[in-house]
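Asks: Residue numbers (the numbering used here), protein chains in the order written: chain R, 1 to 340; chain Y, 341 to 680; chain P, 681 to 1020.
Keep in mind that the hints were calculated from the coordinates and are not lab data. Check the hints yourself; a few may be wrong.
[Stated by the list, open to error] No farther apart than 20 Å at their CA atoms in a straight line, the calculated lysine to any residue pairs in the SDA-like style are these:
#1 R:K308 x Y:W658
#2 P:K872 x R:P27
#3 P:K988 x R:F324
#4 Y:K616 x P:P707
#5 R:K103 x P:P780
#6 P:K872 x R:F88
#7 R:K192 x Y:R507
#8 R:K261 x P:G732
#9 Y:K443 x R:K261
#10 P:K748 x P:G732
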Amino acid sequence: MKLSELATRLGLELRGDGGVEVFAPAPIEAAAPGMIIFVASAKYAPILKRSGGAAAAIVAAEFAAGAKCPLLISPNPYADFARVIGIFFPPYRPAPGIDPTAKIAPDAKLGEGASIGAFAVIGAGVTIGARAVLHPHAVIYPNARIGDDFIAHSHAVVREGCMIGDRVTLLDGAVIGADGFGYVEANGGLVKIPQVGIVVLEDEVEIGAKSTVDRATLGATILHRGVKLDDQVHIGHNCEIGEYTRFAAHVGIAGSAKIGKWCQFGGQVGCADHAKIGDRVMASAQSGLHGNIADGAIVAGTPHADMKYYRRYAALWWRIPELFRRVRAIENRSGVDRAE
Amino acid sequence: MKLSELATRLGLELRGDGGVEVFAPAPIEAAAPGMIIFVASAKYAPILKRSGGAAAAIVAAEFAAGAKCPLLISPNPYADFARVIGIFFPPYRPAPGIDPTAKIAPDAKLGEGASIGAFAVIGAGVTIGARAVLHPHAVIYPNARIGDDFIAHSHAVVREGCMIGDRVTLLDGAVIGADGFGYVEANGGLVKIPQVGIVVLEDEVEIGAKSTVDRATLGATILHRGVKLDDQVHIGHNCEIGEYTRFAAHVGIAGSAKIGKWCQFGGQVGCADHAKIGDRVMASAQSGLHGNIADGAIVAGTPHADMKYYRRYAALWWRIPELFRRVRAIENRSGVDRAE
Amino acid sequence: MKLSELATRLGLELRGDGGVEVFAPAPIEAAAPGMIIFVASAKYAPILKRSGGAAAAIVAAEFAAGAKCPLLISPNPYADFARVIGIFFPPYRPAPGIDPTAKIAPDAKLGEGASIGAFAVIGAGVTIGARAVLHPHAVIYPNARIGDDFIAHSHAVVREGCMIGDRVTLLDGAVIGADGFGYVEANGGLVKIPQVGIVVLEDEVEIGAKSTVDRATLGATILHRGVKLDDQVHIGHNCEIGEYTRFAAHVGIAGSAKIGKWCQFGGQVGCADHAKIGDRVMASAQSGLHGNIADGAIVAGTPHADMKYYRRYAALWWRIPELFRRVRAIENRSGVDRAE
Chain R
1 MKLSELATRL
11 GLELRGDGGV
21 EVFAPAPIEA
31 AAPGMIIFVA
41 SAKYAPILKR
51 SGGAAAAIVA
61 AEFAAGAKCP
71 LLISPNPYAD
81 FARVIGIFFP
91 PYRPAPGIDP
101 TAKIAPDAKL
111 GEGASIGAFA
121 VIGAGVTIGA
131 RAVLHPHAVI
141 YPNARIGDDF
151 IAHSHAVVRE
161 GCMIGDRVTL
171 LDGAVIGADG
181 FGYVEANGGL
191 VKIPQVGIVV
201 LEDEVEIGAK
211 STVDRATLGA
221 TILHRGVKLD
231 DQVHIGHNCE
241 IGEYTRFAAH
251 VGIAGSAKIG
261 KWCQFGGQVG
271 CADHAKIGDR
281 VMASAQSGLH
291 GNIADGAIVA
301 GTPHADMKYY
311 RRYAALWWRI
321 PELFRRVRAI
331 ENRSGVDRAE
Chain Y
341 MKLSELATRL
351 GLELRGDGGV
361 EVFAPAPIEA
371 AAPGMIIFVA
381 SAKYAPILKR
391 SGGAAAAIVA
401 AEFAAGAKCP
411 LLISPNPYAD
421 FARVIGIFFP
431 PYRPAPGIDP
441 TAKIAPDAKL
451 GEGASIGAFA
461 VIGAGVTIGA
471 RAVLHPHAVI
481 YPNARIGDDF
491 IAHSHAVVRE
501 GCMIGDRVTL
511 LDGAVIGADG
521 FGYVEANGGL
531 VKIPQVGIVV
541 LEDEVEIGAK
551 STVDRATLGA
561 TILHRGVKLD
571 DQVHIGHNCE
581 IGEYTRFAAH
591 VGIAGSAKIG
601 KWCQFGGQVG
611 CADHAKIGDR
621 VMASAQSGLH
631 GNIADGAIVA
641 GTPHADMKYY
651 RRYAALWWRI
661 PELFRRVRAI
671 ENRSGVDRAE
Chain P
681 MKLSELATRL
691 GLELRGDGGV
701 EVFAPAPIEA
711 AAPGMIIFVA
721 SAKYAPILKR
731 SGGAAAAIVA
741 AEFAAGAKCP
751 LLISPNPYAD
761 FARVIGIFFP
771 PYRPAPGIDP
781 TAKIAPDAKL
791 GEGASIGAFA
801 VIGAGVTIGA
811 RAVLHPHAVI
821 YPNARIGDDF
831 IAHSHAVVRE
841 GCMIGDRVTL
851 LDGAVIGADG
861 FGYVEANGGL
871 VKIPQVGIVV
881 LEDEVEIGAK
891 STVDRATLGA
901 TILHRGVKLD
911 DQVHIGHNCE
921 IGEYTRFAAH
931 VGIAGSAKIG
941 KWCQFGGQVG
951 CADHAKIGDR
961 VMASAQSGLH
971 GNIADGAIVA
981 GTPHADMKYY
991 RRYAALWWRI
1001 PELFRRVRAI
1011 ENRSGVDRAE
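Take the sequences, apply the hints, and build the full model.
Replies: Structure follows, in structure tokens:
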């Protein structure tokens, strides 16, 4: 594709030779002739001044000066690079049509343009909007209601009665609405608390492979607009997750926790039940959250601490044996009794 | 439903107006006219004295005095509330019958009243008791033996030869009896140790969505009566888990560990291989267990410590930099050599 | 089976009575008449000198002296014991043949001797080598290329275009090639970065139940020859894992991390994105790795530390309150100002 054509499709300003041929997008490390890269930070800007690099680059205007290759000027180079990837390598999408092996309840309602794969199951009373893609073996339990542009990969599941907005994607094996975890001791054993609420996924939510979002005991577990879960994340019953919050793999949120908007949790973070986490909270990988956390906090460690404290004390842990020796030496030499 | 009818169905003593209409159970936070709530602790008892609250409440006798609404007196209000949820909102259960798309081996034995969903697979030599519910896409490998009142949700799997008691539930995508993880170095590579034991799940076990219970190398991995696993829990080969023990999401138990009865592990707890954990041990979220732990212990942290120690030292971590400064100041001013 | 026959099949030297009957392999704890055990370390060698133990044992030559039972002398007793397990208890393998319910694209290529289970799906353009076993409900998306002796257990998935070598096994519900986790903020929301790379699994890789190996954004996520993942492991997009490296359950490796050869990570270990971990690194359970780690390092803790430091300081944590008291006592008695 000629760079000028790409500029037109992206609606970006072209600087330099629009006739250059671009064959594929590439990460900066793989910059090479024929490739288009993006530069979004000063750290990587110098690469643009080298010869023999990429055929073209998408850059913020501030890094454009002195570049050796033609440029597309963008207010958000990474976002436009994402669009370039989609233009050169459109993600796999099966053709519309309903596989004859799919099992669809007679009263289920499916919008136009659906692509329903082999052995997919759509239960009684289900409603699904336009252009749904159910890959093979997806299962929709009865009475789920799902919006437009739904994508469910292989073995993804929506349990009975759950409600899903528009443009929601479930990756392979994701489970929406399995029973919450609740038992009460009685008669020398454990009695299960029926889990009869639902899960609500608002528009643009994406759920990673093998992640589980449990239904509420009563009421609803809610993931607001644009929440993104990586693979193998777990969300307990009755949680509420604010819009555009992102959780990396293996994050676990215990029951009834409430997480704010635009948070980002690293991998394997845990959050205690009934915790209240503010907006734009960043939690580093493996941290353990509980109680209340204020808007904008950056936390780390278990139990969690403000990142600036965590960095200081965790950096001193390895010197704790030394500190014991130093205190012992002071006690020995200054004649102070040891106060154990 | 009239409260008097509910009292009869639950077998509980009614105090006050039995003619009041109850429309649904609700958590205390959602107490409102028409709702029935439960009060099991002194903390929430005052709500009963407010006007305009719930239509009725299930309470322990000790909190009954002064209530503004009619009551059902219960020795275990939470357990009876669980029964009320099940009465008002019976969990989804498909009708009996065998879907024509299910694939059942000719020699498999199925008890009466089974409900077998679309594309379910039951292998050769399998025995399943009465009233089984296999939701769509459940797979039972050959020669598994399963008791009465079995429920397997979508994509749940029981591998070859495993043995399952009565009233066992597998949530969506749970895997019982995948290979344990064992390899030995040989000839410059790794040789797999065949995993040819089984898994035994005793009566009343419940396994969460996407949880994995590995088969034994030789012998059996055993979950005793009433064990409850949340979603995404992993149990390694040859483990033994005592009756009524509960594990929250993402708990991982390494091979050959032995865990006692009535334990409760928080989310993301890990337990080392060959550990021996006593009865009624409580482990807080993300703790890392190893070695031997005595009956009744309450532990936290990695490596695990008694909760009372953990609370004290973890609360002081953030002051470690201060302690270094204080020791340095003492050294400077008292002329003691620094003993590094 | 007579011991002499077993010796012949294994190609091992027999010492003692080859006519003894061996009925089954057993772990040392279960040594009993009729059983064959193995002894690979000095710790367990004394058991061979007791009467009434196993019928026979596989041992290293150095532990052979004084044994009360006949022996098979082996340079690697554990590996030969693994072979014995496979001889006495061959793991379940369905017969060759294609189930009539399987859905195989007309242009898919399947090698000789395949066993394709009920409701398995093989997409357009897929190539699979000889002797493949697809258990029920395995799904191969279009254009995947897979070598010989492939085994996919129930609900295992290979996504579009991924490349898999020979002798690879996927346990139940493993997902190869789901989308990597990448979004960029734009226009007040999040834009998904298309994930259009692939996953490469080289020969002899084994993936545990419910584990997820994400496809690369661009390029490939690579697991080199002989990598073994336990259940519920997650490998992020664009990672590269060196040959024969083993990860225990719940390990999570963030995007673009590079891990060396022959590493062993305990359960629930996390590794930060873009980390560079050397060869033969051992990471103890729950540790959190980041940055660069040298070949042969043994690490523990979050953030990770050299095991020898970690052991020392983690063993002193519980005494931190005592240290505060001792420093306070010194300050009080020596008249030093408290330097907080």
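Asks: It remains to establish, for every hint, whether it holds in the given structure.
Replies: Taking the hints in turn, this is what the structure says about them:
This hinted pair checks out: R:K308 and Y:W658 have alpha carbons roughly 10 Å apart, not beyond 20 Å. The suggested pairing of P:K872 with R:P27 holds, with an alpha-carbon distance near 16 Å, which does not exceed 20 Å. Of the supplied pair hints, the one linking P:K988 and R:F324 holds, its CA atoms being roughly 17 Å apart against a limit of 20 Å. Annotation: proposed proximity of Y:K616 to P:P707 holds, straight-line Cα distance about 18 Å (limit 20 Å).
Restraint check: the Cα-Cα separation between R:K103 and P:P780 comes to about 17 Å, which is no more than 20 Å; the hinted pair holds. Between P:K872 and R:F88 the alpha-carbon distance is near 15 Å, which keeps this suggested pair within the 20 Å criterion. For the hint linking R:K192 to Y:R507, the alpha-carbon distance of about 12 Å falls within 20 Å, and the restraint holds. Proximity of R:K261 to P:G732 is assessed by CA-CA distance (about 67 Å); at most 20 Å being required, the pair is judged violated.
At roughly 46 Å between alpha-carbon atoms, Y:K443 and R:K261 are farther apart than 20 Å, so this suggested pair is violated. Pair hint P:K748 plus P:G732 holds up; C-alpha atoms about 9 Å apart against a cutoff of 20 Å.
Hints 8, 9, counting from the list given before, are not met by this structure.
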